[in-house]
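Protein sequences, first through last, are from chains A and B. First residue of the first sequence? That's 0 in numbering that gives the first Met the number 0, and the numbers climb one at a time after it. First residue of the second sequence? That's 0 in numbering that gives the first Met the number 0, and the numbers climb one at a time after it.
Hints in this document: simulated from the structure, not taken from any laboratory.
Copies of the same chain look alike in the list, so a pair counts if it works inside one copy or between any two.
Here are the simulated lysine to aspartate or glutamate pairs, EDC-like style, with alpha carbons at most 20 angstroms apart:
no., residue 1, residue 2
1, 10, 135
2, 359, 144
3, 21, 92
4, 10, 112
5, 21, 68
6, 21, 75
7, 277, 44
There are 2 protein chains.
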Amino acid sequence: MRLILSQRAQKLSSSAIREILKVTERPEIISFAGGLPSPETFPVERIRASTETILNTAPMPALQYGPTEGYMPLREWIAARHSTGSLQIDPADVLVTTGSQQALDLLGKVLIDPGSRVLVETPTYLGALQAFSLSEPAFASVPSDENGVQPEMLTPDLLNGARFMYCLPNFQNPTGRRLPLARRERLAQIATEAGLLVVEDDPYGALSYTGEALPSLHSLMPGNVVYLGSFSKVLTPGLRVGYLIAPQALHRKLVQAKQAADLHTPSFTQRIVHESVKDGFLDGHIPKIRQLYSQRCEVMLAAMREHFPKGVTWNRPEGGMFIWVTLPTSVDSSQLLEKAIAEHVAFVPGAPFFANEPQKNTMRLSFVTVPPERIQHGVAVLGALLKRELS
Amino acid sequence: MRLILSQRAQKLSSSAIREILKVTERPEIISFAGGLPSPETFPVERIRASTETILNTAPMPALQYGPTEGYMPLREWIAARHSTGSLQIDPADVLVTTGSQQALDLLGKVLIDPGSRVLVETPTYLGALQAFSLSEPAFASVPSDENGVQPEMLTPDLLNGARFMYCLPNFQNPTGRRLPLARRERLAQIATEAGLLVVEDDPYGALSYTGEALPSLHSLMPGNVVYLGSFSKVLTPGLRVGYLIAPQALHRKLVQAKQAADLHTPSFTQRIVHESVKDGFLDGHIPKIRQLYSQRCEVMLAAMREHFPKGVTWNRPEGGMFIWVTLPTSVDSSQLLEKAIAEHVAFVPGAPFFANEPQKNTMRLSFVTVPPERIQHGVAVLGALLKRELS
Numbered sequence: 000m001r002l003i004l005s006q007r008a009q010k011l012s013s014s015a016i017r018e019i020l021k022v023t024e025r026p027e028i029i030s031f032a033g034g035l036p037s038p039e040t041f042p043v044e045r046i047r048a049s050t051e052t053i054l055n056t057a058p059m060p061a062l063q064y065g066p067t068e069g070y071m072p073l074r075e076w077i078a079a080r081h082s083t084g085s086l087q088i089d090p091a092d093v094l095v096t097t098g099s100q101q102a103l104d105l106l107g108k109v110l111i112d113p114g115s116r117v118l119v120e121t122p123t124y125l126g127a128l129q130a131f132s133l134s135e136p137a138f139a140s141v142p143s144d145e146n147g148v149q150p151e152m153l154t155p156d157l158l159n160g161a162r163f164m165y166c167l168p169n170f171q172n173p174t175g176r177r178l179p180l181a182r183r184e185r186l187a188q189i190a191t192e193a194g195l196l197v198v199e200d201d202p203y204g205a206l207s208y209t210g211e212a213l214p215s216l217h218s219l220m221p222g223n224v225v226y227l228g229s230f231s232k233v234l235t236p237g238l239r240v241g242y243l244i245a246p247q248a249l250h251r252k253l254v255q256a257k258q259a260a261d262l263h264t265p266s267f268t269q270r271i272v273h274e275s276v277k278d279g280f281l282d283g284h285i286p287k288i289r290q291l292y293s294q295r296c297e298v299m300l301a302a303m304r305e306h307f308p309k310g311v312t313w314n315r316p317e318g319g320m321f322i323w324v325t326l327p328t329s330v331d332s333s334q335l336l337e338k339a340i341a342e343h344v345a346f347v348p349g350a351p352f353f354a355n356e357p358q359k360n361t362m363r364l365s366f367v368t369v370p371p372e373r374i375q376h377g378v379a380v381l382g383a384l385l386k387r388e389l390s
Numbered sequence: 000m001r002l003i004l005s006q007r008a009q010k011l012s013s014s015a016i017r018e019i020l021k022v023t024e025r026p027e028i029i030s031f032a033g034g035l036p037s038p039e040t041f042p043v044e045r046i047r048a049s050t051e052t053i054l055n056t057a058p059m060p061a062l063q064y065g066p067t068e069g070y071m072p073l074r075e076w077i078a079a080r081h082s083t084g085s086l087q088i089d090p091a092d093v094l095v096t097t098g099s100q101q102a103l104d105l106l107g108k109v110l111i112d113p114g115s116r117v118l119v120e121t122p123t124y125l126g127a128l129q130a131f132s133l134s135e136p137a138f139a140s141v142p143s144d145e146n147g148v149q150p151e152m153l154t155p156d157l158l159n160g161a162r163f164m165y166c167l168p169n170f171q172n173p174t175g176r177r178l179p180l181a182r183r184e185r186l187a188q189i190a191t192e193a194g195l196l197v198v199e200d201d202p203y204g205a206l207s208y209t210g211e212a213l214p215s216l217h218s219l220m221p222g223n224v225v226y227l228g229s230f231s232k233v234l235t236p237g238l239r240v241g242y243l244i245a246p247q248a249l250h251r252k253l254v255q256a257k258q259a260a261d262l263h264t265p266s267f268t269q270r271i272v273h274e275s276v277k278d279g280f281l282d283g284h285i286p287k288i289r290q291l292y293s294q295r296c297e298v299m300l301a302a303m304r305e306h307f308p309k310g311v312t313w314n315r316p317e318g319g320m321f322i323w324v325t326l327p328t329s330v331d332s333s334q335l336l337e338k339a340i341a342e343h344v345a346f347v348p349g350a351p352f353f354a355n356e357p358q359k360n361t362m363r364l365s366f367v368t369v370p371p372e373r374i375q376h377g378v379a380v381l382g383a384l385l386k387r388e389l390s
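So here's chain A without its partners, still in its complex pose (with noise of 0.2 angstroms):
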């Protein structure tokens, strides 16, 4: 048979991590690679009443063919759970995506052409990357410090002509960093002055280990913005139930490319998520989420003070899932991984991350699902392989 590839699959390639995630998932691996949540955190029994309630409820619609759009009840949830005082989202404006990560193939479908410019953090969510990369854009990395993306960076070089900027403000996968308020409001600033569109991504926001939260920059200027929600990480992933908030002119667009991509999100995953959440069951479950993620975080914290070397850095999340860890220059991580895995520890190398020069010398630690002391153990592990690589 003559197989001809499209000029994009010839391009695409697997993700490193689900490569490693492979590997990882051996027993006798200690895996700080994993992007998943704590099974821990499911509420299983939550779940179960949901589905029985659904079953006997409502079991056709639960089973039937669906709208595109979503499940009416589960948008209007959506949108009032968005709303504030001045901001009062419209379910209209709503979309239930495949998970979050289906919005991202939306996305790039409807928004990017071949070369397009599409603005970046440094690094950013390589999910991202590879959803846009389908469209053919070319990625333009924002500068980015140890608070986030830099606003003063949008020059008027990379913003003119920019189809969007994708931006991840809480606790970014895969830095862990928040955007400070001062940042959210000087970007919300400079992208209205541009009408730049701006793409939220916002998996993480509600984990904030104390529970504050910052204004989101969809609140910081409605109509510039689409904004990405889940609810992979405050309930369960395996439902597949994510959402986007969009501008009418746009989000008739996405709906279309829905509608092409899956008909719609299954009928029975999306009542199961509105039937959990819709009596406020998550202000009281995500609290129990953001104390067990906390007490990980310290304790792998602690342990990094403890076991890393001199001339190792990295930055103390405010919630999330993520530590970003930097390396002396000289150390390729990647190469570090192969030995790490061969005393079976694992972590994600930080270059897939970055969309134009990558910085070697970086990782990405997960602390979420593995319990205290081999997070201690597999630290220790870590900075002794890290301390024989810089003497």
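Given the coordinates of chain A, assemble chain B onto it according to the supplied hints.
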């Protein structure tokens, strides 16, 4: 805000069918427009039992992220289901998709560049035209007659440079036609000689009214075919579980495209499907669907013979969910639809199912969700309307 849509998004339009379906949800409308299976056939108790088993035995993996390729026991079941004496399917060739609609999206991404020639039947499934269109192919309609697509019309000019041919050999949507054995064999011979990749979409294959099946194109030329299957028409569509079977070189690229599209199909719904079908349940369940659909098809055919005027022709389906009606060339079925809806009857005009020159005097009737007396009444209304149009 300055919103610049991609070229493909500017060309996107909403499915005429789904827009019509919104109107036809009103209870006073007798709708022959749906492409939905009859909810009477949904095995609610089976789904309930499967869900309970999963939440009792393996709640964590059912609610956690999973592999992009799909849940391995389900992939193994699918491979075994489609293996025959001469054709042994490797589970590694199976990819679980979020409905088989997603398989069309992934194939478009991986196989089509702007202007690539894609061969389709005349008419063909609208959802495939929509999914492929996002990659901007040049569709070439292969002539079809009352027995389906005509392999002899696959001239060297058409074959030369074609990326693939898209085909629904069983009870096609929209025509209900089944491709006869001799044509399958001839198509396999031509495709094999030309090295042509064939995408065989088979959501309705199990719904043969007599239970007698013809060999799949996949079984006649395994190396040349991507086979698309679905649980939507034999179990329930609201779980959105479909699958494809593809040669490894193509499978690998499809997995990468799926990873970017939604990471994976919901772990929970995949496991519900597997738990529901693993012990042979479908072998007892599918005959009940066949019986219901066959009876309703007979009712509709009898009513059409009674009420439709001379000059209107249609086929006699051997399975599936659709009858295809050809009106005198003077009648435009989309204009007829407006009048029919005013009299509370709906159908789908045929024109959107043509990739190139539409035959506006055609329409698709679905009978599976409508009780017999309402089928008779609806067809009588349509018949009276047609008689007025033609007098």
